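Peer 1: For reference, the chains in residue letters:
Number of protein chains: 2
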Amino acid sequence: MGLRVLKFGGTSVGDVEKVKNVAARLAEAVDAGDEVVAVVSAMGKTTDELVGLSKSITTKPSPRELDMLLTTGEQVTTALLAMALQEMGYEAVSLTGWQAGLKTESVHGNARILDIDAKRMIRHLGEGKIVIVAGFQGLSDTEDIATLGRGGSDTTAVAIGAALKADRCEIYTDVDGVYTTDPRYVKGARKLSTISYDEMLELANLGAGVLHPRAVEFAKNFNIPLEVRSSFTNDTGTIIEEVASMEQNLVVRGLAFESNVTKITISGLPNEITTLPSLFSSLASNGINVDIIIQSTSQRNTTSISFSIETAALELTLDVLRRLEVKLPYENIFYESELAKVSIVGSGMISNPGVAAQMFEVLADHDVEIKMVSTSEIKVSTIVPEDKMIYAIETLHEQFQLDERTPVNQ
Amino acid sequence: MGLRVLKFGGTSVGDVEKVKNVAARLAEAVDAGDEVVAVVSAMGKTTDELVGLSKSITTKPSPRELDMLLTTGEQVTTALLAMALQEMGYEAVSLTGWQAGLKTESVHGNARILDIDAKRMIRHLGEGKIVIVAGFQGLSDTEDIATLGRGGSDTTAVAIGAALKADRCEIYTDVDGVYTTDPRYVKGARKLSTISYDEMLELANLGAGVLHPRAVEFAKNFNIPLEVRSSFTNDTGTIIEEVASMEQNLVVRGLAFESNVTKITISGLPNEITTLPSLFSSLASNGINVDIIIQSTSQRNTTSISFSIETAALELTLDVLRRLEVKLPYENIFYESELAKVSIVGSGMISNPGVAAQMFEVLADHDVEIKMVSTSEIKVSTIVPEDKMIYAIETLHEQFQLDERTPVNQ
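Protein chains in written order, with my numbering: chain A, 2 to 411; chain B, 2 to 411.
Chain A with its partners taken away, still in its complex shape (with noise of 0.2 angstroms):
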């Protein structure tokens, strides 16, 4: 049939039986005709446990002994998997990130992929062989071994797929799609059959937490059709690609929500051209995480500016802006913590230039406060008090009739 690229995250390979659970799974695309990458991740707790070790010798480890530690996690599963797979009486072989051709940057911790030589799984494959990738994990320039940060197996197994130009690239998770919503809150939510990527990306970014972001673009850079579903079930889960065919009536796709979120807002601040430049870039270089920035209309020579953080950070926040008084003179700072922030997201709202309008009255109909408003082309973003977001994502869900259609293929 085609060219599979399956990634099994940690929960996937928790202990050996799930392990021999996803080999017969890649088992049964073999029989199907299919040729088959499986990317894989350590075993449930590994990669914990190797942390810990580290603890136990330093507070700060180094990020390459770090990585140099950590990577024999995925290692372990990779070599687990192919026995197997052996076992059952298919061919298989493991590779390491750097035997499967996986460059990155010379970054610890947090590396991006530059390229991939896909000579050696492409041989494989040739030999009728199940090739299994170690996640997680490439190459340095140096030749040092490099991870790839958060989300990283996801991205491993979208850049071989767009390595290896493979029909479709599927990540098996311990959910079984993307829904409208998370389901866990609202009971109407729904499991889409598709989305587009970008729409994908918003949710995403907004905390939808399925899939990382990286690993998202990339397969929009690379056109890969991805896949999410269930590794415990046989369900279909949700696809995503570039036009989502089956459902593009739906003007809202999906709502995103997330508490925790604190409004600060500086007032007199200078009205000069360095002043925004200078306020974020000290937030920045402190590794306060700004999301929303609202600047408003100037009086006469100063200025008032409004943005949302993580609630965590606002002690920080505070101690930064105190120590910016020197060189960026204020007025007043106000804060208001027990926010949270609530989305909706939909590719087709760039044609239908009242959905923010009519976002905004339903909230107002429901005495919902509005707090801070921003907007992209294919999402919608308040900040609302915390106390209402559930109500909030449950009203809206219903306004926007997400709960009304079932998917074709469910």
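Honestly, I wouldn't trust all of these hints.
Where chains are identical, the list cannot tell them apart; a pair therefore holds if satisfied intra-copy or between any two copies.
[Unchecked claim] With a cut-off of at most 25 angstroms between alpha-carbon atoms, the simulated SDA-like pairs for lysine to any residue come out as follows:
no., residue 1, residue 2
1, Lys-61, Thr-396
2, Lys-372, Ile-295
3, Lys-46, Gly-15
4, Lys-19, Thr-60
Since the hints were derived computationally from the structure, they do not count as laboratory data.
Predicted, not measured: the structure shown is a model, and the values here were computed from it.
Chain A is fixed; fit chain B onto it per the hints.
Peer 2: The following block gives chain B in isolation, referenced to the frame of chain A:
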């Protein structure tokens, strides 16, 4: 001062505290002005645990995949040791076997080192770093990870010593040196300050068990002085080098012994040129390790052959011989178990022809019956009753005055 290669086995890096101790020892060497390369094994029971994982999947793991699995153990140790050194303020870098440039045969589980490309180690030493190399592993010319088999970490250390032209290679282990005989059995056993490669080879092969013969051979071929010493004390160990300068007048340097020996005699074999090769190639192809071989004077057209084996291989050996009868007819098979091998070793024997006779006389005088004899230039081995083994060793130890002198450096 110089360039030192230090090797630490599994018990020396058995847990995090022991890894820190090893780091302290390496730091001392650096403080003394030496350039340092460390070769390490997997921590304590790691290898057993990994083998256990593979056994829960298959009883016959493919050797390639087993190597892929097991080599993660040494990699973990290298990373932790580098972290421990960095925590102490020393510069260190960990290298897998392939990163260190170890090239092996394309064999799994028991590969030999073919070559070492030491460029990268030399570069890191030039940067003032302690280089930490995973023992027991290398890369085959098919770019597969291969292990070196038993004693592989010793061999790695010596091979690196040769490639880097090290001044000395130090093997840290759980014994504190090479003794005239096993101190657990013979009270008067004395630690030798020096011993020659050939003497060490004979002692190693005869079961002294301190150093793997492959490592000793390697050291001999490249003339690298080896020191065997304890990981847990600061005592000087035993130096193995070409000329055992300190104790060259000692004719017999050490005594080796092993129990569980069986002698097999086959009588009435055809006295033909093909008899010996046919017999011993059948035994070898069944994995039976034959030690001493004696061919008796032939009578008419038949001959009689005796050889010794480990008693554990007796059943298999008898089985092979019975099946062989079709091709190689014989009259009778006799065997005698509960025997032991007792050997004297010393390079001084070469110029001292009476030593073997002296040994036989001592044993006869003490009613120890000699069942078989085998000699080399620097060794005389005898097969004696197992229940007289320790008595024979004690007697010989005394007669050859091994417990009389004290090494210079003790």
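Peer 1: For each hint, tell me whether it holds in the structure or not.
Peer 2: Status of each hint after checking the structure:
Proximity of Lys-61 and Thr-396 under a CA criterion of 25 angstroms is satisfied in neither setting, with 47 angstroms inside one chain copy and 59 angstroms between copies. Taking the shortest alpha-carbon separations for Lys-372 and Ile-295, only the intra-copy value of 11 angstroms comes in at or below 25 angstroms, while the best inter-copy value is 98 angstroms. For a Cα distance limit of 25 angstroms, the shortest separation of Lys-46 from Gly-15 qualifies both inside one copy, at 8 angstroms, and across copies, at 21 angstroms. When the C-alpha separation of Lys-19 and Thr-60 is checked against a cutoff of 25 angstroms, the pair qualifies only between copies, where the shortest distance is 18 angstroms, while the shortest distance within a copy is 33 angstroms.
The earlier numbered hint that this structure contradicts is number 1, and it is the only one.
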